[in-house]
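Asks: Line by line, the protein sequences give chains P and L. Quick note: the first sequence uses the numbering used here, first residue 1, plus one each step. Quick note: the second sequence uses the numbering used here, first residue 118, plus one each step.
In short, the hints are calculated from the structure, not lab data. Accuracy of the hints is not assured; some may be wrong.
Using 30 Å as the maximum straight-line C-alpha spacing, the simulated DSSO-like pairs for lysine-lysine come out as follows [claimed, not checked]:
1) P:Lys22 - P:Lys58
2) P:Lys22 - L:Lys159
3) L:Lys158 - P:Lys77
4) L:Lys131 - L:Lys183
5) P:Lys104 - P:Lys116
6) L:Lys137 - P:Lys22
7) L:Lys131 - P:Lys104
8) L:Lys137 - L:Lys172
9) L:Lys181 - P:Lys58
10) L:Lys181 - P:Lys69
11) L:Lys181 - L:Lys131
12) L:Lys172 - L:Lys159
13) L:Lys172 - P:Lys58
14) P:Lys22 - P:Lys77
15) P:Lys104 - L:Lys181
Partial pick of chain L residues on the chain P-facing surface, computed with a CB cut under 8 Å [said to hold, decoys possible]:
16) Gln223
17) Phe225
18) Arg230
19) Leu234
Cβ coordinates follow ideal geometry from the N, Cα and C atoms, glycine included.
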Amino acid sequence: AQSVAQPEDQVNVAEGNPLTVKCTYSVSGNPYLFWYVQYPNRGLQFLLKYITGDNLVKGSYGFEAEFNKSQTSFHLKKPSALVSDSALYFCAVRDILTMEYGNKLVFGAGTILRVKS
Amino acid sequence: GAVVSQHPSRVICKSGTSVKIECRSLDFQATTMFWYRQFPKKSLMLMATSNEGSKATYEQGVEKDKFLINHASLTLSTLTVTSAHPEDSSFYICSARDPRQGGNIQYFGAGTRLSVL
């Protein structure tokens, strides 16, 4: 079964400091990994993805994520947080080799990021 | 990124009435669209997968007669909440998978806030 864990309900960081939002995953085959951000009363916005290739993936708004196969992690990072980064962040995984779940995207529970000035 | 349009953004209706929500992929053709429900401060719950030209695939526990899905064209899927009740009040989000991009990124609509009185 494929699953995603976001161990932190909330992450607090001061503006200008680096931020990390954690994500670990479990799949039977090889994963496609995604990060999305959701602002209040809005849909999800795509930030970045890992399909193959370089483990460090760069995305929108200065965010990046590092795929670590041995640790089955895909943590979201940003070198310098902005107050405007405050939002709800979702990690998601799709198992590309198995059809057990119909190739569906499975989401983590979400992590609230609060950046304080 | 690709654009998915969802309408209406907010709807208030009386108990017992039906509500239709539209989801359109504006710049790509989507053979597959997804409907999610999101409760406050919770992750997304996949309700059903909408397939163009065929019946939707519903997740376990989702009443197909309650939540009617029609995917009549490659750019439009609709979700109709029939005989709505207060417990159906929620945030509904649609998503469409863009086949043009590696990894088939899913893009999301802005969501519909349904309030049933």
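Asks: If a hint holds in the structure, say so; if it does not, say that too.
Replies: Comparing the hints with the structure gives:
| no. | hint | in the structure |
| --- | --- | --- |
| 1 | P:Lys22 - P:Lys58 | holds (16 Å) |
| 2 | P:Lys22 - L:Lys159 | holds (17 Å) |
| 3 | L:Lys158 - P:Lys77 | holds (22 Å) |
| 4 | L:Lys131 - L:Lys183 | holds (16 Å) |
| 5 | P:Lys104 - P:Lys116 | violated (35 Å) |
| 6 | L:Lys137 - P:Lys22 | violated (37 Å) |
| 7 | L:Lys131 - P:Lys104 | violated (34 Å) |
| 8 | L:Lys137 - L:Lys172 | holds (17 Å) |
| 9 | L:Lys181 - P:Lys58 | violated (40 Å) |
| 10 | L:Lys181 - P:Lys69 | violated (39 Å) |
| 11 | L:Lys181 - L:Lys131 | holds (21 Å) |
| 12 | L:Lys172 - L:Lys159 | holds (28 Å) |
| 13 | L:Lys172 - P:Lys58 | violated (38 Å) |
| 14 | P:Lys22 - P:Lys77 | holds (9 Å) |
| 15 | P:Lys104 - L:Lys181 | holds (19 Å) |
| 16 | Gln223 | holds (6 Å) |
| 17 | Phe225 | holds (4 Å) |
| 18 | Arg230 | holds (7 Å) |
| 19 | Leu234 | violated (19 Å) |
The structure shown violates the earlier hints numbered 5, 6, 7, 9, 10, 13, 19.
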